[in-house]
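Student: Line order of the protein sequences matches chains A and B. Offset between the first sequence (1-based) and the working numbering: plus 74. Offset between the second sequence (1-based) and the working numbering: plus 74.
Possibly wrong hints are sitting among the right ones.
Unchecked claim - Below, in silico cross-link-like pairs of lysine-lysine (DSS-like), each with a Cα-Cα straight-line distance of 25 angstroms or less: (1) B:K481 / B:K466; (2) A:K220 / B:K220; (3) B:K188 / B:K534; (4) A:K220 / B:K228; (5) B:K228 / A:K228; (6) B:K517 / B:K481; (7) A:K112 / A:K159; (8) B:K220 / A:K228.
FYI, nobody ran anything at the bench for these hints, they're computed from the structure.
2 protein chains.
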Amino acid sequence: MRQAEHIELAIKPKPAQLSIHDWIYSEIRAAVLSGRLKPDIRLPTTRDLALQYRVSRGSVVTAYEQLIAEGYLCSYTGKGTFVTKTLPHNLSVRPAVATPTSPSVHGALSGRGKVFLQSPFYHDRGATAAIPFKPNQPDFEHFPLKIWNQIGSKRANAIRVRDMGDMDPGGYLPLRTSIADHLRFSQRIHCLPRQVAIVGSAQQALDLCTRLLLDEGDKVWMEDPGYPGANMVFANNGAHVVPVPIDAAGIRVDVALQTAPNAKMAYITAAHQCPIGVTLSLERRLELLAWANQGQATIIEDDYDSEFRFDGIPLAPIKSLDSTGRVIYMGTFSKLLYPGIRLAYVVLPDWLTDPFVSAMSLTCRYLGLHTQKVLSEFIADGHYARHLRRMKMIYQERAQAFETACKAQLGESFYINPITTGLDACVLLPSGMDDALVSDQLKLGGVQARPLSFYGIATKPANGLVMGFSSFTPEAIWEGMARVREILEI
Amino acid sequence: MRQAEHIELAIKPKPAQLSIHDWIYSEIRAAVLSGRLKPDIRLPTTRDLALQYRVSRGSVVTAYEQLIAEGYLCSYTGKGTFVTKTLPHNLSVRPAVATPTSPSVHGALSGRGKVFLQSPFYHDRGATAAIPFKPNQPDFEHFPLKIWNQIGSKRANAIRVRDMGDMDPGGYLPLRTSIADHLRFSQRIHCLPRQVAIVGSAQQALDLCTRLLLDEGDKVWMEDPGYPGANMVFANNGAHVVPVPIDAAGIRVDVALQTAPNAKMAYITAAHQCPIGVTLSLERRLELLAWANQGQATIIEDDYDSEFRFDGIPLAPIKSLDSTGRVIYMGTFSKLLYPGIRLAYVVLPDWLTDPFVSAMSLTCRYLGLHTQKVLSEFIADGHYARHLRRMKMIYQERAQAFETACKAQLGESFYINPITTGLDACVLLPSGMDDALVSDQLKLGGVQARPLSFYGIATKPANGLVMGFSSFTPEAIWEGMARVREILEI
Chain A
75 MRQAEHIELA IKPKPAQLSI HDWIYSEIRA AVLSGRLKPD IRLPTTRDLA
125 LQYRVSRGSV VTAYEQLIAE GYLCSYTGKG TFVTKTLPHN LSVRPAVATP
175 TSPSVHGALS GRGKVFLQSP FYHDRGATAA IPFKPNQPDF EHFPLKIWNQ
225 IGSKRANAIR VRDMGDMDPG GYLPLRTSIA DHLRFSQRIH CLPRQVAIVG
275 SAQQALDLCT RLLLDEGDKV WMEDPGYPGA NMVFANNGAH VVPVPIDAAG
325 IRVDVALQTA PNAKMAYITA AHQCPIGVTL SLERRLELLA WANQGQATII
375 EDDYDSEFRF DGIPLAPIKS LDSTGRVIYM GTFSKLLYPG IRLAYVVLPD
425 WLTDPFVSAM SLTCRYLGLH TQKVLSEFIA DGHYARHLRR MKMIYQERAQ
475 AFETACKAQL GESFYINPIT TGLDACVLLP SGMDDALVSD QLKLGGVQAR
525 PLSFYGIATK PANGLVMGFS SFTPEAIWEG MARVREILEI
Chain B
75 MRQAEHIELA IKPKPAQLSI HDWIYSEIRA AVLSGRLKPD IRLPTTRDLA
125 LQYRVSRGSV VTAYEQLIAE GYLCSYTGKG TFVTKTLPHN LSVRPAVATP
175 TSPSVHGALS GRGKVFLQSP FYHDRGATAA IPFKPNQPDF EHFPLKIWNQ
225 IGSKRANAIR VRDMGDMDPG GYLPLRTSIA DHLRFSQRIH CLPRQVAIVG
275 SAQQALDLCT RLLLDEGDKV WMEDPGYPGA NMVFANNGAH VVPVPIDAAG
325 IRVDVALQTA PNAKMAYITA AHQCPIGVTL SLERRLELLA WANQGQATII
375 EDDYDSEFRF DGIPLAPIKS LDSTGRVIYM GTFSKLLYPG IRLAYVVLPD
425 WLTDPFVSAM SLTCRYLGLH TQKVLSEFIA DGHYARHLRR MKMIYQERAQ
475 AFETACKAQL GESFYINPIT TGLDACVLLP SGMDDALVSD QLKLGGVQAR
525 PLSFYGIATK PANGLVMGFS SFTPEAIWEG MARVREILEI
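Work out the full structure, taking the sequences as your base and the hints as a guide.
Tutor: What follows is the structure, given as structure tokens:
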């Protein structure tokens, strides 16, 4: 064995934030990893090192012990401490302290991973102040936050040991029961609580259903224009998206049947087509069901806002017609209550219930209990139904204000699709106007409006804007619309 | 148009739970859907129907209006109400009221979907009372639940309008900052808060990393025996799992380099191999890093319990040696605090941070804010570090009790791997004993012990049991061990 006493350990001055033993530890580790201290070299004794650097011997002992425990050094009684013999000679590893060098992202990601970079949600970071006419935004001011916080505070204070263990990956049973009860009356959907699974978002439900039901290359019908969140989940999972045009009665089932009769799935926004706003006709609903029954295909019915149907009772969903278990029905509380609640649900055909819950457990385990409990109590105590009723009236008033203001300020060359449901309006632009350019122009002037082209899949849709009316008072709507007129110099 | 007045509507008696208009609605809808009422048939007037069934005319009007809105009926002024002409003639659709008939699950699921059925977590439904020696179970009794509930109650009562909107899919920034600070001191990992992403579970982090980094058929090194949760996520995502044997120094990197040098990923439990319990040697850590650097591969370092290292400071993770951004480090609060907390984190190389957050937003959106806030305050106020220190001492005492009791009660033919870390012990059985059979036998006698074969991937591991000591007092451990002796008739 070589002697190392005469080797100058070349320890750099101690940085202020490190303790003495951390400093000694880091310096020796760096010397070993950089190859300055070669394997089998003997280190100074702890006493010598302590004297040399005028530190307490105890700190040096602690540092040596840590380095021995981690395998950098070995100690042999009576012989001293050595750099571990078995370490590779050319380590070329530097301890990470600075920002690591970055390989090219596109080089490092998988093929499917690259699709993830296109998430439409990614840039929605943080709650921004609502500027007109931000779409997909429920009103926050009328939410009974005081009641919500009272329930929340009570529930948070009541966590017991029995709540600390693992829970059912399908969700909190009382919440699933409340949802099943609500759906029976409000949507004519008859299901058992176990068929209702709680998820964190419609995205999560879509992702799991796609993976459970589609293999690479399997075809899925998608409304075009349609919801980009669904389109990207399908694409990321290797499904073959078949864009199907829509008309005033919703998705053109006849076209879909010609193009891809053997598709395995259809993604449908029946109550309120996203983004155009039309309602799927009964005829087409029945055609969809007949197709699904014949080919063992699945219909995903994404019902994101039909509770806010302004002309009477919500239309019965496709799910309410489904006697053979071909329809998966999805709803989300992020639009019915508020986005930060991060709770959604999916009503599963009986045969899919166990596989879905199993998939949930493997990719997520389950969702935290707290908000599920609060929401469950909020529904059971009637606050939920009361809030929906109230908001429906408020949104209806705002929808009317939007229509009137739009016509008055922008004139008849801007066409509003009839607003029957939900939070947003779809406004078609006069010919010659490009929606992406108009959206950018409005943004510079402090107005938000999403171009219809954002929703286009295979075909560029008509030039139009999706504009939210739901989180703005009639006054704010009129002011916002006046601002639009100014910006567009109409 | 045919006249339908003489057609007997054959309405079944009203079920008690339905309102009159719901009953009329349901009966007519069922008659249309079953084909008993053909397209274009004229219905009785609302007055006639009301008289016939002795109900209020208003209820019949409501039912007709709903059926018209949904497209079942059409009304022509002065002519009456008809079944919609355009409905397909042979509907063969029955409204769903009963449990739907079930297609075979295996026929309906995708290839990858079938893998989801094998989740090891799925049957962990509901918190079961801790019976000895349930593994992976932190102690609940010493958790500072009172402090936790105080913070939780305060936070739940302080939700404001600004908390209701969408938030950063990477997680709550103060929590990410607290974790980055903690890791710097406890694990020598230097990272920026933005490199820490909050997830709901290690499973979610694994799933997203796999999808971001591996395509169908890409190879991943997996310790054998190893963690089934990871193995199944890889398999479900179409990765090619390469099982690599382990020995007393951890994964046999030399074997892996011979078998599959071109793998794209390695899943490593370096601090405390799951399930055997050995620590990966420094030499192998450096070999892994050299391999990853050369081939642009990624190491997933799943550090699920190294905070509970009984002999001194936790060993510095591979991540702390990673200067080129090849290591993804994962930790979970479900073992450090309690499973129901459903929060975990992942430390990402800089280049992977944006893609990961984008993938999170597309497949989950983001996690609810409440528990993130509570945990963030719990860490910032020092409760977290205090709890970990305390539990380390308690777990160490229990580990010692387990070792002593095991040796005393079961004798030397049962071999305990040295317990250095964590919540569980690995006990090897005397030759001739089959672990799956022994586990079943113990279960019947009220003792839980997971067979090592549960963790085997390509090779059946040595016969052994994974037994948790962490959630049982030394007395309960001695009693449990006596029970094991009785059951096994030793």
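Student: Please work out if A:K220 and B:K220 have their alpha carbons no farther apart than 25 angstroms.
Tutor: holds, 24 angstroms
Student: Mind checking the alpha carbons of B:K481 and B:K466 for me, to see if they're no more than 25 angstroms apart?
Tutor: holds, 22 angstroms
Student: Quickly compare the C-alpha distance for B:K220 and A:K228 to 25 angstroms and report which way the hint goes.
Tutor: holds, 13 angstroms
Student: Does the alpha-carbon distance linking B:K517 and B:K481 stay inside the 25 angstroms limit?
Tutor: Judged against 25 angstroms, a Cα distance of about 21 angstroms means the pair holds.
Student: Would you check the hint for B:K228 and A:K228, treating anything up to 25 angstroms between C-alpha atoms as holding?
Tutor: Given that 25 angstroms is the threshold and the Cα spacing comes to 10 angstroms, the pair holds.
Student: What's the verdict on B:K188 and B:K534, does the C-alpha distance respect the 25 angstroms limit or exceed it?
Tutor: holds, 23 angstroms
Student: Starting from A:K220, check that the Cα of B:K228 is at most 25 angstroms away, please.
Tutor: Between A:K220 and B:K228 the Cα gap is close to 13 angstroms, so the pair holds against 25 angstroms.
Student: Keeping to a limit of 25 angstroms between CA atoms, is the pair of A:K112 and A:K159 held or broken?
Tutor: Within the cut-off at roughly 9 angstroms; holds.
In this structure, none of the earlier numbered hints is contradicted; all agree with it.
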